Amino acid sequence: MAEEKLGRFPYPHEFQVPGSLEGWEEMYPPQRLFSKDREEWEKNHFWFQDKIHAPEPMYPLDDIFQEAWQIALSGYTTRVFCIPPAQGIAQRMMGCYMYITPLEPPPPEVIQEKAALFGKRVPFVFQNYQRLWEEWLKKFHKLGAEMKELKVPQDLGNYVPDEQVMPSPRGYTDAAELMAAFNTIVNQIFRAWQYHFEYLNLAYLAYLMFVDTARKLFPGIKESTIGKMVAGADVSMFRPEEELCRLSRLAASQSPVRNILKKAGPAEDKIKELKGNDAGRKWLEELERVKDPWFSVSCGSGWYHYEGSWIDKMDIPFSYMQSYVERIEKGESIERSLSEISDERERIVGEYKSLIKTDADRKSFDDAYDVVRSIYKYAEDHLFWVEHWLHTIWFSKIREFGGVLTRYGLLKSPEDIYLFNRFEVPMLLEDLATSWALGIGAPTRGKYWMEKAAKREKIIEAAKKWSPIPALGVPPAEVSEPFTIMLWGVTGDTVGEWLKGGKAEPKDLNELKGFASSAGIVEGPARVLKLLGDVVLLQPGEIMVAPCTNPSWAPVFTKIKAAVTDIGGLTSHAAIVSREYGLPSVTGTGLATSVIKTGDIIRVDGSAGTVKILKRA
Amino acid sequence: MTEKWVYWLKEVGTEHNDLVGKKCANLGELTRAGFHVPPGFALSVHAYDRFMKETEATPRLLEFLSTFQADPDSVADTVKYDSASREMRSIVEAIRMPADMEEDIRSRYSELCRVAGRENLFVATRSAGPVSHPGQYETYLNVCGSNDVVKNVIRVWSSTFNTRSIIARARLGLPVHYDPIGVAVLTMVDAKAAGVMFTVNPVNGDESKVAIESSFGFGEAVVSGNVTPDRYLVDKVTLDIDERVVSDKGCEFAYNPQTREMEYVELPPDKRKVACLEDREILELTRIAKKVEAHFGCPQDIEYAVSMSLPFPESIFLVQARPESVWGKKKKESVLGGKTGWDLLFEKATTPVKLKLD
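Chains as they are written, first to last, in our numbering: chain R, 1 to 617; chain X, 1001 to 1358.
None of these hints come from the bench; they were simulated from the model.
Source: prediction; values computed, not measured.
Heads up, the beta-carbon is just placed ideally off N, CA and C, and yes, glycines get one too.
Possibly wrong hints are sitting among the right ones.
Selected chain X positions facing chain R (in silico; Cβ < 7 Å) [to be verified]:
#: 1; residue: Arg-1106
#: 2; residue: Asp-1148
#: 3; residue: Val-1237
#: 4; residue: Leu-1239
#: 5; residue: Gly-1338
#: 6; residue: Gly-1341
#: 7; residue: Leu-1345
Here are the simulated DMTMM-like pairs of lysine to aspartate or glutamate, each with C-alpha atoms no more than 25 Å apart in a straight line [stated by the list, open to error]:
#: 8; chain 1: X; residue 1: Lys-1329; chain 2: R; residue 2: Asp-359
#: 9; chain 1: R; residue 1: Lys-357; chain 2: R; residue 2: Glu-223
#: 10; chain 1: R; residue 1: Lys-313; chain 2: R; residue 2: Glu-285
#: 11; chain 1: X; residue 1: Lys-1332; chain 2: R; residue 2: Asp-367
#: 12; chain 1: R; residue 1: Lys-363; chain 2: X; residue 2: Asp-1301
#: 13; chain 1: R; residue 1: Lys-216; chain 2: X; residue 2: Glu-1347
#: 14; chain 1: X; residue 1: Lys-1331; chain 2: R; residue 2: Glu-424
#: 15; chain 1: R; residue 1: Lys-357; chain 2: X; residue 2: Asp-1343
#: 16; chain 1: R; residue 1: Lys-377; chain 2: X; residue 2: Asp-1343
#: 17; chain 1: R; residue 1: Lys-357; chain 2: X; residue 2: Glu-1220
#: 18; chain 1: X; residue 1: Lys-1332; chain 2: R; residue 2: Glu-424
#: 19; chain 1: R; residue 1: Lys-363; chain 2: X; residue 2: Asp-1343
#: 20; chain 1: R; residue 1: Lys-455; chain 2: R; residue 2: Glu-424
#: 21; chain 1: R; residue 1: Lys-353; chain 2: R; residue 2: Asp-367
#: 22; chain 1: X; residue 1: Lys-1339; chain 2: R; residue 2: Asp-367
#: 23; chain 1: R; residue 1: Lys-561; chain 2: X; residue 2: Glu-1333
#: 24; chain 1: X; residue 1: Lys-1192; chain 2: X; residue 2: Glu-1220
#: 25; chain 1: X; residue 1: Lys-1291; chain 2: R; residue 2: Glu-346
#: 26; chain 1: R; residue 1: Lys-363; chain 2: X; residue 2: Glu-1347
#: 27; chain 1: X; residue 1: Lys-1330; chain 2: R; residue 2: Asp-359
Covered stretches of chain R (in silico footprint by chain X; criterion: 3 or more residues with CB under 8 Å from a CB of chain X, positions within the stretch not fixed) [said to hold, decoys possible]:
#: 28; segment: 76-88
#: 29; segment: 348-356
#: 30; segment: 402-415
Sequences and hints are given; from them, build the entire structure.
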């Protein structure tokens, strides 16, 4: 970037997005934009692009999750568990991408006040976590069930049916219910995101504490090893894949099912064929039994409506099962061995413990380990239930709203609803309800909404072609917000790399640094998966380069030689799965997807945390 | 009856430090514990004693010393000690070993040849002082044939009269003419690579790492610091190779059959920057290092060699193990200060993280 000054990025107010994005601001509510009236404050903060939650341009309605986490994450840090010097994380949109900043610590007297509350509340959570988790799961299931049961009227009818009028009148029309239903689902998703952060801040804090403790004892211990020490084997996020393995084994044991699953072709055809025989029908019953909840897993991160979930893109789980069945026939093992993973964890912890030199330190280490183990599972479990299961329900419900708006001529297609933000959707619904109520011949503003949708679609397309700047403003001297460090991997080194990358044109960079998250060195052709849907293009033996990955990609890891991500620390999904499959990985490189092109021959050194481009495609 | 003066390595252990010298005792200990050590035998201090006392050696040395006068604390007199050393060594090296000793050494050498399955086996004759003075006395490599073995054993003994040693003894008021040491006669490993490893990271004392240094050819290149070795840092628990630095090694320390001497040979350019160990060798060395450390109960400084003719993993030999001298001696102090998990959590929650930017 030409305007870049030494040691800092452009300020938000001096930064210009490309002209092709003109008009992007109107997609997002005003409180989410950089603004003249807050210029001083915004200039004094360091904003970096959130590639974890918003690696791709943000559709206005998908932005609701971001709004929800800004409030929830921050509130749990500042007002609920009161982590003394930490404050929240603020978000701003810039050219359809989201930038975030951790706030600086509050005044000393506030830190003191918070310390007292922290000291009272946090030990309670650690001591009671098992019970709290069970209660959490119960209430979360209840919330999901309510969302699933939410009625979204699809046909307003010419006249309300008799039973709504007599003998006991309901008192409101489906049009009114439709408007109310959207408000309800918005409240539900905000509630879900409140629950999401109930224990996550503390789980991350405990993890960071354990990293510090281990580093004091063993200065050279790698974070990937610490990751192995704290990771649970039996976590919800791995269940979808486990169910796939189980279904594949079941299929492999019966030749009619096995032969159908091994065929190429769409899932739909295979399901039809399976219905034609007894074994197939039995197998399908088993599939139905596990589909809810375990196939409600996003094909992407869960953050974008267009990613889809297994349950509505059955081609994906069926293609995974196709390769699993083939591997079972070859006598290969497809399952992660839970006992091996936990045995390995015990071994690593045990051996490190035996290397501690004093009994006092061994005791402190044990205690620190108990603290992190008591709660860390939350970091692994919540992900499936919120980002995958509940978001899948949300997306399918939102499509129902899109469906009714399309049916009544306000939208061209149901998916277009995502081009309107959550404050605008009620306008469309009100427009529909009004025109229906007025009687025959009252026009809606359908044309206006459709034109707006078309224009916004173009802006988003333009934004996809733009590589957004990694950060804005002046990097801070210190960070006290646990998520910033752990989740986004923001350290002096990473910011330095971003600055370096920001200065050089991506095509001039030949080496990237990231976290050495899974050891080993390999060379091979790169496959850049910038959009999560591109996963189907991946060829065996390629090195995957992606913004980040998530557990529904797990079967992909059997195909690739190594993994490289833009974002993610040592406990990111890509890091964990790479270690399990024994593949080298480098995470949190910041720039891999913009610097590396598909077909480039690259060398991934998962021990040193470097990625080198050996030959350009 | 005279004292027993020669032992197979497996007959000795660390309890025999004062008898056969530390190096022999440690090699014996390693052999007994089942580690792969080149076959060999040890001459005890009694062998030295017999040689010095049953031959003309002692009277001749004493005769020479009776006319020798110099001040060990005077730098100027170093020259005098230099020529005295030359004189004393030539006296010693001209003397024949008692016949029974010579015969025993020859027959043990034949036995080593038989075990190795080859005639004229190359052996090393290494000095082994009862108290470790690394490098104080001398070691001769690539000794071949029983005549040479006998000759070089005497040369090792005579190295107790090298300049440094006689000055040191004179300063301490010890007898200059007599300083019994052990000698190890060890089968040479035809090393493609060799070096040193520590069972602690020598940089920061992290005991969860094994640090390995390695160079082409014989290990003296690494020990003497004459080449910049390849360096590896391996995690003892995960066996991950955390760091690897492949250096420009310049030359290797190798045997020259023409001159029959060891010499530094420049490596061809295409070989200089090639890693001299394979990953499986690095990992096997790490596993061995962990076992050696467990056997001796403290961080170790280990010398190893990798044979070019034997198949992996029999190719890996240990040629020395001793306690690591820096971190091993540090007092074991608590680094966490007796804190509980909650203390540590609270501390973490209240401490901002500094971001260091260049």
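- Query: Within 25 Å, alpha carbon to alpha carbon, are Lys-1332 (chain X) and Glu-424 (chain R)?
  - Reply: Measuring from Cα to Cα gives roughly 66 Å; hence the hint is violated.
- Hinted contact Gly-1338 (chain X) with chain R - closest CB pair below 7 Å: holds (5 Å)
- Taken at face value, is the distance from the CA of Asp-1343 (chain X) to the CA of Lys-377 (chain R) at most 25 Å? Given pair Lys-377 (chain R), Asp-1343 (chain X) holds - Cα atoms ~21 Å apart, limit 25 Å.
- Item | Satisfaction of hint between Asp-1301 (chain X) and Lys-363 (chain R), Cα-Cα up to 25 Å | violated (29 Å)
- Item | Hinted pair Lys-1291 (chain X) and Glu-346 (chain R), Cα distance within 25 Å | holds (20 Å)
- Item | Lys-1339 (chain X) paired with Asp-367 (chain R) [C-alpha distance capped at 25 Å] | holds (9 Å)
- Are there three or more residues in the segment 402-415 of chain R whose C-beta lies within less than 8 Å of some C-beta in chain X? Not satisfied, violated; 0 residues make the cut.
- Message: Run the distance test for Lys-353 (chain R) versus Asp-367 (chain R): straight-line Cα separation, threshold 25 Å.
- Response: Roughly 12 Å separates the two Cα atoms, so the pair holds.
- Task: Could you grab the alpha-carbon distance between Lys-1330 (chain X) and Asp-359 (chain R) and see if it respects the 25 Å cut-off?
- Result: holds (16 Å)
- Restraint check, 7 Å cut-off on beta carbons, for Leu-1345 (chain X) near chain R: holds (5 Å)
- Restraint satisfaction for Asp-1148 (chain X) [CB to CB of chain R, less than 7 Å]: violated (46 Å)
- Message: Checking one constraint from the list: CA of Lys-1329 (chain X) to CA of Asp-359 (chain R), max 25 Å. Satisfied?
- Response: holds (18 Å)
Hint check: violations occur at hints 1, 2, 4, 12, 14, 17, 18, 23, 30; the rest are consistent with the structure.
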